[in-house]
Each structure stands twice: as structure tokens, then as C-alpha cells.
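8 protein chains.
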Amino acid sequence: MDNRKLQELLQNVRDGKISVKEAEKTLKYLPYADINTAKIDHHRSIRRGMPEVIFCQGKTPEQSLAVFQELAKHNECVLATRVSQETASLIRSQFPDACYCQEAKILFLSTGENRPRTGKIAVLTAGTSDLPVAEEAALTAEVLGSEVVRIYDVGVAGIHRIFPYLEDIDKCQVLIAVAGMEGALPGVVAGLTDKPVIAVPTSTGYGANFGGLAALLAMLNSCSPGVGVVNIDNGFGAAVLAYLIIKNSFQGEA
Amino acid sequence: MDNRKLQELLQNVRDGKISVKEAEKTLKYLPYADINTAKIDHHRSIRRGMPEVIFCQGKTPEQSLAVFQELAKHNECVLATRVSQETASLIRSQFPDACYCQEAKILFLSTGENRPRTGKIAVLTAGTSDLPVAEEAALTAEVLGSEVVRIYDVGVAGIHRIFPYLEDIDKCQVLIAVAGMEGALPGVVAGLTDKPVIAVPTSTGYGANFGGLAALLAMLNSCSPGVGVVNIDNGFGAAVLAYLIIKNSFQGEA
Amino acid sequence: MDNRKLQELLQNVRDGKISVKEAEKTLKYLPYADINTAKIDHHRSIRRGMPEVIFCQGKTPEQSLAVFQELAKHNECVLATRVSQETASLIRSQFPDACYCQEAKILFLSTGENRPRTGKIAVLTAGTSDLPVAEEAALTAEVLGSEVVRIYDVGVAGIHRIFPYLEDIDKCQVLIAVAGMEGALPGVVAGLTDKPVIAVPTSTGYGANFGGLAALLAMLNSCSPGVGVVNIDNGFGAAVLAYLIIKNSFQGEA
Amino acid sequence: MDNRKLQELLQNVRDGKISVKEAEKTLKYLPYADINTAKIDHHRSIRRGMPEVIFCQGKTPEQSLAVFQELAKHNECVLATRVSQETASLIRSQFPDACYCQEAKILFLSTGENRPRTGKIAVLTAGTSDLPVAEEAALTAEVLGSEVVRIYDVGVAGIHRIFPYLEDIDKCQVLIAVAGMEGALPGVVAGLTDKPVIAVPTSTGYGANFGGLAALLAMLNSCSPGVGVVNIDNGFGAAVLAYLIIKNSFQGEA
Amino acid sequence: MDNRKLQELLQNVRDGKISVKEAEKTLKYLPYADINTAKIDHHRSIRRGMPEVIFCQGKTPEQSLAVFQELAKHNECVLATRVSQETASLIRSQFPDACYCQEAKILFLSTGENRPRTGKIAVLTAGTSDLPVAEEAALTAEVLGSEVVRIYDVGVAGIHRIFPYLEDIDKCQVLIAVAGMEGALPGVVAGLTDKPVIAVPTSTGYGANFGGLAALLAMLNSCSPGVGVVNIDNGFGAAVLAYLIIKNSFQGEA
Amino acid sequence: MDNRKLQELLQNVRDGKISVKEAEKTLKYLPYADINTAKIDHHRSIRRGMPEVIFCQGKTPEQSLAVFQELAKHNECVLATRVSQETASLIRSQFPDACYCQEAKILFLSTGENRPRTGKIAVLTAGTSDLPVAEEAALTAEVLGSEVVRIYDVGVAGIHRIFPYLEDIDKCQVLIAVAGMEGALPGVVAGLTDKPVIAVPTSTGYGANFGGLAALLAMLNSCSPGVGVVNIDNGFGAAVLAYLIIKNSFQGEA
Amino acid sequence: MDNRKLQELLQNVRDGKISVKEAEKTLKYLPYADINTAKIDHHRSIRRGMPEVIFCQGKTPEQSLAVFQELAKHNECVLATRVSQETASLIRSQFPDACYCQEAKILFLSTGENRPRTGKIAVLTAGTSDLPVAEEAALTAEVLGSEVVRIYDVGVAGIHRIFPYLEDIDKCQVLIAVAGMEGALPGVVAGLTDKPVIAVPTSTGYGANFGGLAALLAMLNSCSPGVGVVNIDNGFGAAVLAYLIIKNSFQGEA
Amino acid sequence: MDNRKLQELLQNVRDGKISVKEAEKTLKYLPYADINTAKIDHHRSIRRGMPEVIFCQGKTPEQSLAVFQELAKHNECVLATRVSQETASLIRSQFPDACYCQEAKILFLSTGENRPRTGKIAVLTAGTSDLPVAEEAALTAEVLGSEVVRIYDVGVAGIHRIFPYLEDIDKCQVLIAVAGMEGALPGVVAGLTDKPVIAVPTSTGYGANFGGLAALLAMLNSCSPGVGVVNIDNGFGAAVLAYLIIKNSFQGEA
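Residue numbers (numbering that gives the first Met the number 0), protein chains in the order written: chain A, 0 to 253; chain B, 0 to 253; chain C, 0 to 253; chain D, 0 to 253; chain E, 0 to 253; chain F, 0 to 253; chain G, 0 to 253; chain H, 0 to 253.
Because the hints were derived from the structure by calculation, they are not lab data. The hints are all genuine.
Result set (DSBU-like, lysine-lysine): computed pairs, CA atoms no more than 30 Å apart in a straight line: (1) B/Lys16 / G/Lys20; (2) C/Lys20 / E/Lys20; (3) D/Lys119 / C/Lys119; (4) B/Lys119 / A/Lys170; (5) A/Lys20 / D/Lys16; (6) D/Lys170 / C/Lys170; (7) B/Lys20 / H/Lys170; (8) G/Lys16 / B/Lys20; (9) H/Lys20 / F/Lys16; (10) H/Lys58 / E/Lys58; (11) E/Lys119 / F/Lys170; (12) A/Lys16 / D/Lys16; (13) H/Lys119 / G/Lys119; (14) B/Lys20 / G/Lys20; (15) E/Lys20 / C/Lys16; (16) H/Lys20 / F/Lys20; (17) E/Lys16 / C/Lys16; (18) F/Lys16 / H/Lys16; (19) C/Lys58 / F/Lys58; (20) H/Lys119 / G/Lys170; (21) H/Lys58 / B/Lys58; (22) G/Lys16 / B/Lys16; (23) A/Lys58 / G/Lys58; (24) F/Lys20 / H/Lys16; (25) E/Lys119 / F/Lys119; (26) D/Lys170 / C/Lys119; (27) B/Lys170 / A/Lys119; (28) A/Lys170 / A/Lys119; (29) E/Lys16 / C/Lys20; (30) G/Lys58 / F/Lys58.
None of the values given here were measured: they were computed from a predicted structure.
With the hints as constraints, model all of the structure from the sequences given.
So, in C-alpha cells, the structure goes:
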């Protein structure tokens, strides 16, 4: 039950068109959920700028296209993640304006006007093999409207490489640190800065990395407080968390 | 090597008091680390208001007291976590002004003036047995200078209990959601709001909860993006992450 | 040794055709198992309506067809699960009346009369990617003779979506809640209703979901009592458990 | 917002005492949750007969007593689980009518009239060391109002021992099968009967049983469909699930 | 239903005292289980010499004594394992003839005549800390009637120590190899002899031995075929398996 | 250093052809290992009848053929396990007399005379999907010279099916029980007989069977003592263990 | 900032070309990292002889070639590991002098003069299936400039086979012991020699080896001290560790 | 059979006192192992300076004392690890010259002359709670005769703290890096130096560190090659490995 319907109902009560009892029943059994939905949709509308997102992994190209078409009808901006080249080709045959980044496996459509960038996020990686996950995070963050500073290949195999970037990092509000193998980068970065660090373990590695478990556990056990961890390879989730942090921070200013 | 020393060194080079070669050697071998330290301490000084912290678990009361005494010499504010009642009694016999919360196992000393509260954090728990961890988070956040809204016992065993608090939640910048057992609360909350959610799994439960692993995995797999997870029972770490988020957000305003 | 044979044996004892000693030996060593079998088959016959089931995963299309043909000789109703499209095509080339649902990977043949539906089961899913498992459960339950209410995509990423269905749920005797990722749906549902909840974790997700382990552990640790868990992706098993619950409940009425 | 308040609000709209806009705001922001609560409490009231339950593990005797006293004010029947002898003594010093079973670690108070038993549940154990968990289940089921048939020590170390009980089992509507070590009993029982089986793994055993994990996995992998598994040592949860199955079955009869 | 009862029943059928129908019902529903039991007890009687066994871990001294007293009424030989010194003292106060080995935590009573030893078993350990488990195996094997050769402290930290014992080993029919830590002994021994090897992992070690898991996995992955593994610390189980191997081997000779 | 060489050396010492010092050095540094080898090969020769074995998994057809050809030069009997159909075709193109069993993935060549069968082994399976592993065990046992009784599809989903086979089982010296999923068969069989049971977990199943881990743990935790467990899917290893048991048992008779 | 640049800066300060303040800023913010880099590169230059290394797993042949070309511009020696045959063919089409070992999946280019070998390393394997990992270690060690003694197929399935090699082993400075399955070889070797042992678990095996976990745990739990373990299948890492041990040992001589 | 006995035997053959056949038998069956032992003991004697070691964990004070007394009879130097204060007191009451370090839980007796230190080892820790394990390593290394440089509390929570020590580290031959929690220190150090790094994970931490597993996995997955890992908390093993590296390095110089 959206706002308009609720107004109608109440107006009808006021006008004596429906009885109090009937209205009560309507409000109590069936529509309370709609009210919730309205309330929550109201919340959602605050999130303006957050595009609808499709997770394409496990969907056929055709299924992905179908969802994309549906969303593109009602939204200015549509973001698809884990998009294979095959799926991207199919969607772009219908939506030639959609942008596709093969490394990040991200495809997005943004028909809206150019918005000013809000907030600044640094995305760091330990090694070059963490790039796909980092780019998923970086591109998502950019689509969501933030400026992104990419600081790649600064892992602990040569930790001195991070130092020249400390000043750049200092200008960001959130850091996303992406690392596989021993997953030490987020903890190191958290120890060198006073920024909130979102840690993304990747499945990069082999053997006793157990598909990213080693990096995940390392990040959860970071001896520097100030690190929040997302799922293995979840660059998208990290970007959304960064977006929400920035969104609420700027909201606070008003 | 702090700023003053570096200036002196360079002035001496300028003044011809030490040779370029000597200065080069000084800068290259020994002091570069000090420069880093200076740089980093400069960063640290920005964190003003962040008290020194003692993790008392695994320390004897005497060891804890010794560290506390050392820190109290140089700091207005000292925070100790995982403080047993026995340790608390010993420290308070020396520092009668120190406050101790038995449930949170937190003891802190704040000899400074009353600072205005910065930022607003909601701390939510799934059940009453998550309280010790939640209070560790809440008290830490308060000592760090934020306002805390406590919303306890709103777990998914009766998820409707969360709804009356949605408006309160809406006024916060960060949420800390604490839950043991199936660990579903952070994901549910992330689905209902547009706030960044810091998820704290607790070891509450038995059997196949495997000491908090079940809750940890659930939180990492949250289907709502926007959730960052800290270690099991790590209320302190969650509060520091929330503090850094708020700190950088207000910093951004200036 | 079926009933008829046992009667014959005893009649022969009565008629003096075989000695007590011989009968004793027959009953004691060899046939006692047959008696068990008879007894148990007697139990089985009570289960009338339960079709024979073939688990096709790991079988070649030819092997599956062979078993299907064998069962179809002696049974009105045959149910095959985890049926690939290739296997389905082969079987349907021989049994054109067999129905195949590709999403559920279920194929069944029901040559019997239309039986009235017994009992009402709600099948809920957290997300759209849980549908194959949910449909395996739903179709199995329908083949077993129950009415099924499908309530899909009501997971905790937007938990308010469950509320409009609470009245529908209220009319069912058993709920089957299917969820991957953090696996929170069954616990949430168990907290909102007074129905027995059969929880089915799915392998939906990636990274630290560890093939469904995260959802499985979450469900086992549900803080709402009243949840029974089956194996990961085991929609069939959930439907059989629901069937047995309903079967024994209606049996109780007589 | 309970029914009366909702009526008042609507009556006021009708009477023109408050405007449609005000009513809309009231309904939309604050009270929708109360409506939910009312709705859900309505559900809860259906659960009449389900006593309030206290999980005493991890609570001090004094804390347990306090909760018990609070609940006993408003409820005819109070059930406490995982009650140590020390806690039991303290509570019984205040509530001499409370019954305590040391083996099951259950204490309950039932000041109401004698209700007729509803439904029949068999509780089976593999070995004698599974008794505490089995008794937690059995006593909970009895307090919840069902008749319980105890069939103990019939595990697979001598599986022939189960056969004499098959006829007793046949008269029950639900089976609760409790087993540690290899956890085979529930699957064996499910293969011999047509009853729904609630499987309770216990932490009984040592070494590679990993605190009940071996039994848990075995039960989840039961080759007989029709088995729902609860958490390790969770006799209480099994009894509640059985209770809900029976409750909905008898409800269905009306 | 034992043999005598079955004879009576059949005789009554023969004599016309009961009808075929009645006999059929008796045989089909109630007594088939007794027949099984009889059959199986017949099997059990073959196991003459196998004493009744009590697993005392998790039992109070009083509970252990009660079981011991019950078994001692009907058996010449009673064996108790995992017996604490306290429990041993209590039982021996009632059974002064019972023998107790503190290291093996075994207590046994053997009032029968001296039987000749049957079969020869070598019990080997990797280190001295594996002794308690090895002695549980060795003593059990001796109580069960076999000769035991103890070859201790011959683990792979100095694998050459095993060589002088190869001739002794050659005279045994079964080897029990007990090892913690890396658990390599059973595989090494299996590579040097042509004896069946029963491997017993122990929980000896720390850190990444994970309570015996490391040794268990090593033994299961032995590159020498011919190794059967029992549970961690299960010296008793290894001895029973060795006993059954020898028992069936000598049985074969007759 | 084989026997002949050792004799020569000693004879040379006796004859004064080489000095005591030289002989000492020869014996001490270089040849001691050869002595071991001789000793051990002497042991090996006792194993007459044990063919050389090739584990083909992970080898290309060409590599497998090469090893097979090498072994076939010096051995009457060659056994290859985990042989793909492609590898089998290649080998049989060179060795037309080699027998291949596709289900067991076993290929063997036996050019020797027909030996009399020694010992009797029962191979049992829980379900039909355990057949490949069971056949690997059964065929290996037959190639090694034992009589094998196959008792398939008697798992705990219908445990009464085992009873008719108890008399057959009684005539065997060793049982090999093969089961996936909950892995309960070996424990059940061990409880019904007095035979040594070799348990083979299989990777049959899905979800929380974790590739056979569930069955493996169940078997290790068998509450019936007398069960020795081999690696997951290791039918070959079980057969070799059975062979060694029988070999040493018959050896004992002489 | 390398040495030359630092000298320039300081000279400019001395010459009054830039102010102290400017120099301070330059040294403090931007260049301190360069100083570190210089320092560390200075360290790196000590490592002369250590070629640049490319880990090709997860890279396309084209990506691998691109990195190879880049490195070959500036380095005499380039080493690529985990190189598929396809990648090797592509690179060798451009670099015909590059050597490729298919078993070790290593490709290297060494345009420099022939250096004398430094240090002696023994590489041992338990079985033939460990060869690829062993050859990765052996070839890497040879490319890094050491002499390698290959001692293959001396695992614990026939541990006597190691003895003839003890004298060869005695002449090496470091041992690399490669083993899958039960992973016992490194511990056995450590018990027989006084050499540092680098243990490399391999993923060789199946079932409960869990991709090399069994061997890894066994090696970590070696009862012989003196064993350092690297990641599963990490032959390259073992060789680098051996190289560093030897490098620092010879450095010590100067 | 030691050298003298072997000489006697051969002399007797030469002198015709025993026949070649007898000598052959003696050499072949019994004594070959003694020859091995001699050979190996010869190896052991090379290890001069390596004291006998007692692992006291799991031993009673009395048992520890007994072993200590036995070893002290025949050795100049005895080292005991994991020594509780109670055990230390008991041993020191008999050996007043024994030194005890409570933090390292190490007790040693060194009655020999002062040997010159051989080799230089740096022991680094991430945090102060890693000290007990680090001191176990450091003291063991000192007792074994090396110089130890302690560099404590330089973990990645403030990684810049390591830089001032790089020159000290440069003078060592081996590094032992001790860390709990995320276990990142060894990888960071390996990236900054060209020294072999022995990584020691500690059980320091809580929650998802799983008793040191997180640190262990991180170290095994170090992206810097050149790291060898020992068991969790195994400071002693790390020191022995370092000792063997140094011992073989200096041996190489001669």
C-alpha cells in the first residue's frame, strides 16, 4: 500500500465511504505489509543513485539479458556484475551504450546526466592477480558516484612500496584493501593510516590458501583494529559498503 | 627523527657544519626509519582523542596494572578491555577514578574535560547473551566520543521487534549489529536500512556453532551488500571501525 | 517369506506334512529375514501413494532409463530426481506421458487416477537462485499428493517482503524454507509462525559459503526452536519429510 | 499500536478530529511496527500452552532465578533448560513446587490444571550416554503436553534390538532419534518406519567425533529421506519441533 | 522368542491347539524380533571369552561401580576402560581381585581359569607419550587372550630403531601401531612387513595436530596398502579388531 | 648387497683376500643398506602371489602402458587400478589377455597357473552407487587369490535386508563394508557379527557429505569395536588389508 | 630517491639553491619512501643472481609472454614457473634460447656467463607422482646457481630405500623433501640426518588427503625438529628458501 | 652392533673361529640394524653440542625430574622445554645450577665450558604476547650456541617499526619471525631482506584465529618466497632448524 492508497483509504474513512471496522481490517491483516513496503521503499528512494544490480554468475546469457531489459525499463542506471564476455556481447547487442569491463566482469548502463562525484575511495591490491576483484570494487564505486584512487601491487612482498602512497591515501574517506595469499595488506594499511579499511580477501593463490580462506582468516584477525571484512572475492560488496559510509557521512553534513 | 631534528640536520648541511656525505649517510641508513616514524606519528597525532588501549586477556592483574600505570602517566584517557573483576579491583585500588563495567569487561580512565559527542552509532544485539560483546562495543564507542543508541534483543527469533526502531536507526551514521547462533541480524538490518553495518559474530551458542564460526560465515555471506565483518566477539574492533568511519566523515566536512 | 508362504508352512505343520523340528529350522535360520521383509513391506504398503524414486545424478541417461523402465512396470507412479535434460529426453522418448520440469530437474510419470490433495505445504525461498532446489521440493510434494503454496524471493535482504504472506503461511501444516548464502530465512520464518519448519540450505553463493556450509550451520543454530534441517540442496528430502508429517497427521484423524 | 488504538485513530479520522495527513503520518512512520507486533502477538496467542522457556547455560544461578521469577508472575507454566543442580536448588528454594530432573537438567513449574495429553512421540537413543539429551527432549515434550514413549539403547551396535519396538513406534506421530558417535540411528529408524524422524546428534564420543560433528554429518547424509536434523545436543529444539508438528496436525482436524 | 518357545508354538499348531492364523499373527508381528534376537544371541555365544566391557569416561565412580557390579554377577570376566584412579579405587574396594593399570586406565576382573594364549600381537608406539593408548590396546588384547609383544618408542624421529625388531614382528599375526604427531609409524611398518597393520592415531602433540587429526589423516593416506585405522586414542578398538582377526583365523583352522 | 655377495665378502675375509678393516668399511658405509634391501626383499618374496600394482590415476595412457610393459616382463601377474577405458584399450592392444572391468576400473594380467583360492571375504555395499569401489575391492581380492562373496545394496535405508545374508557372512574370515552418505553399514555389520570389518567410505553423496568425509567420520566413530577404516574410495587398500589378514592367518596354521 | 638524487638535494641545500624548509618537505613527504626503496633496492642488489620470476598460473599465454618480454629487456636471467605447454610454445617462438621443462612446468632464459655452482642441495621425493613438484624445486635451485642431487622415490612405503643415499645426503647443506599422501618423508629424513629439511607437501593422493592437507599437517607435526614447511606443491618456494640459506652461509664465509 | 663388535666378528671369520655361514646369518638377521644404529649414531656424534632435550608438557613434575636426572648423568648439557614453574622448582631443588626462564618455560643445565658463539640469529615478534614462544626459540638457540638478536613488537600493526632494525637483521644468517593473529610478520620480513625466514605461528588471539590456524595459513601462503613454517607455538623447533642451518653453513666453510 503506497502513500496514495493509504491517503485514499483514510479519506474514505473520513468521508464515511468505508467504516472504521473495514478500514481496521484492511490495515491490520492485508495491508500492513504494504505499509512496511512503502516505508521501506521510502527508505529506498533515499538511496537515489544506487542502481539496480544483477548478479550474473550462474545465469545464462539469455536470463541475464531478460533481467537487464526489465530493469532498464524503469531505471536510469543498471549495473551487472560477474558478467562473462559472452553475456556482455549479448546484452550490448541490445544496449550498445552499455559499458563493459572484461577484467572486472562488470557491465553498466548509465543513461542519466553526469553527477558530481561524491567522496573519495582508495582501492589497494597486494598483487596483480587481485586486479579483477579490485576492479569490480573500483568500477562499482565509480558507478555509485565516488572518485576512486587505484593503488595496485603494494602487497607485503615489498611493503615499502606502500609508503609513497600514504599521502594519497590520506585524502580518501574509505580504503578498500584487496589481497589473496596471506591477506596481510589490509592490516598493514590499517596500521599506517586512520582510515576505515574494508578488507576483501581474494581466492588468489593455491594449496593451503583453501580458496581464499587463509586470506579471510588473516583479515579477521588483523591486529590493527578498524578493519571490516567482506566475503572472498566480493569486490562489489566492499564498494557498496564504502558507498554507504560515504553516503551517510555526506548526509550528516546537511 | 622528528621534524625538529631533520631541520637541524639540514640547517647544519646548509651551514656547512656537516658534509653532504655525512648527511647522506645519516639520512640513508639510520634515520629513514625515524622519518617514517615521524610521518606516521604525525598521522597518529591526527587521531587525537583515541586513547591508548590495553588488551588484558592473558595478562595477570599485576601485568595489566603495570601497563595501565605506564600509559596513565602520559595520556588523559586510558582504555582497558577484557578486564576481569580481579584485575579491575587491583587497578581501581590505584586509580579510584577509573570506571569499570563488569558486563563489558571494560575499564577506562578519562581525566580530560568533557568533549562534545561526535557522531551517532546504533549498537544492536540479537539476544541477551550477546550483551557483553555489545557493551564492549558500545562503551568503547562512547569512550571514543560518539553517542550510542542501544537496541538490544531484536534478533530474528522475532524479527518484527526491529521495526519500531527503524526511525532511531535512521538517525545514526553507522550500525554495529552483534549476534551469535545463526548470526542473521546484520544481514536483516542491512536489508532494512541504508546504513553501513559492522557485523560482530559472537561465540554465543553451542554444538554446531563451533565457537562463533556459524555466525561468522553467515555474516560474510550476507545477501545484503553493505556489511563489514570483524572477528568473533570483537566488540572493541567494531567500535574502532565505527569511530574511524565517523572521524573521517566529520573530517570531510571541514 | 511372504504371508502366503508362512501360512503354507504352518498349514503343513498342522497337517503333519513337515515336522516341528524342520519348521523350526526353516523359521529360525533362513526365513526370519523374509518375515522381516514381509513385515516391513507391510509397512511399506501403508505408504501407498509414495512412488518409487530414482536419483539420476551420477547415472548415465541409459542407466537411468533402464531403472525407470523397470519401476514403471510395477508402479503407477515413478519419480526421478536430478534428471538432466539429456536423460529426460531419452526417457520421454519411451514414456511420452512423463512430465519433466527442467528447473527442478524432476521427471515423473503418474498413470493413476487423480487423487484428492492431502495437506498443504508452503515452500519459501530466500532468493531466485534457490528456485531449482525449491522446485525439487515443491514438485516432489505435489507428486506425493499435497497442495503446495510457493512463496519465493522473501529472503532477509528485504525481510518485510515476508509479511504479506503470513496469512497464507498460517493455513499450511508444514513449511519448507530454502535458502543459500547466510541461510537466515528458516529461522526468521520460525520466529514469525507456529509451524514446523524444514530448512533446506542451498549451495547458492560463493567464497566463504563453502558450498552451502555457511547456510547449513546458520540453520542448525537457529535461535528459534522448531527448525529441522536436511542436507544441502536436498529439496527432495525436505518434501518427503513434509509428506511423512502430513501423512501421520491425517492418519491420526481416523 | 493495538487494535483499540487503531480503532481510535480511525474513529478520530472519521470524526474529523485528526486530519487524513496526520493519520497517514502516524500510520506510516511510527505505528506500522506496532501493527505488526499486534498481528504477530495474535499469532503467538494461538500458541497457547507453550510455556515460556529459559536457557540457563551461561547464566549465574541468581540471573536464572531472576528471569524465572519474572516469568512465573505472568505464566502458568515456566520451563528452564540446561539447569545446573546449584541453580535448581536456588530456584526451588523460592518455588518449592518446581520439578527438577537432574539428568535432563530441566526444571519446570506447572501451576495450571492437568491438560489431556495430545499426540504421541517416541524418543529413541543409540546408547546410554545419550540419555541426558534424550531426557531433555522427552521432558520438554511432556511439559508441552504430549505423551512420550522412551526407547533407549537401541543403537546400531546391536541394531536387532530395535525390532521389538517397531509396533510401539508405529503408534507415534513423530520420532526423535538421539545418537552420538557415528549417529546412524535416525537413518536406520527412518528406513524401518514411515514416521517423520527428528535427528539429534549428541557430542557423545571422543577423538574424530569432533564434539558431535561426525554424528551431525551422518544424520544430514541419511540415505533414508524423511529425517530433519537439529543442532548437536539440542534435545529441547527437537521436542519443540515435534510439538509444532503435532499441534498443527491436530489443528488440521478441527 | 527363544528356541523352546518357538518349538512350543509349532507343536501347538501341529496339535491343533492354536490355529494357523493365530500362529501366523504371532510369528509375524511380535516374535520375529525375538527370533532375530535368538539368532543373534546365538552369534554372540560364539564369541565366548569376550568379556563385557564398560566405557567409564563420562560416568561418575558410583555409576561405573553400579554397572561393574551388575556385569560381575553374570560374567567371569569384566573389563572397564578409561577408568580414573578414583573410580578404580571405588571398584576395587568392592572387588579386591580386580586388576588396575593406571597408565592404560584399564581395570579388569577375571575369575575364570587360565586360558592358553591365542595369537600374537605386536603393539608398537612412535614415542613414549603414546604409551597410555598403547597400553590400553595391549592390556585389552591380553585380557582377550592373546600374547602381546610391546615394541615402544620406535617412531620416525629415529626410524632405524625399528629394524632390530623386524624379526619379532615377523612372528606376530597382527600389528597395532600407535602414533601421534605426524602419525607416520603405521605406514612405515606396513612398508617393512607383510602383516596387517591396525593404526591408532593419538592426540599426542599440540598446535596443528588438531587433537590427533594430523596423525589420523596421515594414517588414512598411508602409501603402503594394508593399514586399517581406528578412532583417535582408541587403543581398545584396535585390540578388539586384532582379537577378531585372530579369532576368525584360528576358527578357520578347525 | 644380496646374500651371495655377502657370502663372497665374508669368504674373502676368511680367505684373507680382503682385510678385516676393508670388510668393516664395506659393511658399514655402503652396503648396510643393501643388506636391508636383501632382508626386506626376502620378506617380499614371502608375499609370493602378490602381483605388482600400478595406480593409473593421474598417468597418461602412454605412461600407464610403459609401466605395465616393464612390470609384465618380470611378473606373472600385474594389476592396474583406476584404469580409464582409454588406458585399458591401449594396454589391451598390447596385452590382449589382460582382463578389464570397467566398473571397477581394474585391469589385470595373470599368466600363471590357476591357484586354489585361499580365504573367503565378503564385500558388502550400502547402495548401488558404491559398486565401483566395492568392485575395486572385490576384484583385487580375487586377483590376490581369495574367494569373494558379494552382498550389495544392504545399507541402513532398509537394514532388514542384511539379515538373510548373516549366515553367508558367518562363513567369511574378513568383511569389507563399503558405504557413502552416512556410512553406517560397517558399524551395523560389526554389531551383528564377530568378524573383523574393514570399512571403506565412498565419496557417494552430495552437499554435507564433503566428498566422503561424513562417511569417513561415521566409520571412525563406530560404536561397535572391531572396525578398521581405510581412505575414501580406497577399495584396493581394503582388499590388500584383507589379503594380509588371511595370508597371516593361513600362515599360522602351518 | 636514489643515492645520487639524495646527494644532489643535500648539495643544493649546502649551496643554498633550495631552502632548508623546502628540503625538509621533500624529504618528509614524498621522498622518504624513495629512500626506503633505495635502501631496499640496495638489499636487492645484493641478491645478484636471483632472476626475476613470473608465476604463469592464471595468466593467458599472451599475458605471460608480455611480462616475459618486459623482464627479458632488463635482466640476464628470467625464470617462469607453472608454465603450460601452450604458454611455453608461445614464449619460445620469441625466445628460442629459453629452456622449457614440461614436467617441472618451468621455462627459463639465461643469457649470462656460466657461473660456478654454489652450495649443494638434495631434493628427495616419496613417490614418482611427486616428481613435478620436485623438479620445480630442483630446476629452480639449479637456475639460482646451486648443485642439486636428485634422490627420488624413497618414501616410507619402503623406507629402507633411503639408506643407500645417506652418504650423498651428508654432503649437502640443505635438503628439500617432497611428499604427498601421508607426508612422512621429511620427518624420517630429519631423524636420520643433521641437515636442515625444507618440507614440501604435494597434493598427490585422493580422498582424505584433502588436496595435500594431510601431508601438510603431518610435516608441521614432525616429531624430529629441524623441519620447515612451505605451501602445498610449492617447489619454487622451497628452492628459494634453500637458495637463501646457502647464499647467507657463503656470505658468512667472507 | 658397534664398530668394535663388527671388527671382532670379521676377525673371527678371518681366524676361522666362526664359519662364513654363521657370520652371514649374524649379519643378515639380527645385527644389520645395529649397523644402522652405529652409522646413525656416528651421524649423531657429529651433532656434538646439541644437548638432549625433554618436552615436559604432559609430564608430571616427578616424571620430568626422573628423565632429567637420567640425562644429566651422561650429558654436559640438558635442555627442558614447556617446563611449568612447579616442575622447575622440583628439578632445581636437585640441580641448583640449572637455569630457568619462566616466560620461555625453558630450563637448562650446562656444566660444560663456555663455547664461543657460532652464527647469529634474529628473533622477531609481532606483538608482546608472542614473547613466550619467541623466548623459547631465543633461549634454545643460545643454549645451542648461537648469538641471538631480539627484535620484539615490530608487527604489522605498525610496520614502520621494523625499518630501524633492517641493518641489524642484515648481519644475521637466519631470521625467526614469531607472530599470532594474522601472522603477517614473516612475509613482510621476507619481502624486506634476503635472509631465510623461519616462521612460527602462535596461538595468540581469539575467535577466528582458531588456535593459531589463521597465522599458520597466512605464513604458508606468504607471497614472498623464502619462508619455512614450523608448528604453532613451536619456538623450540624453529631454533633447532636455525641451528642446523648455521651448523651446516659453518661446516661448509672448513
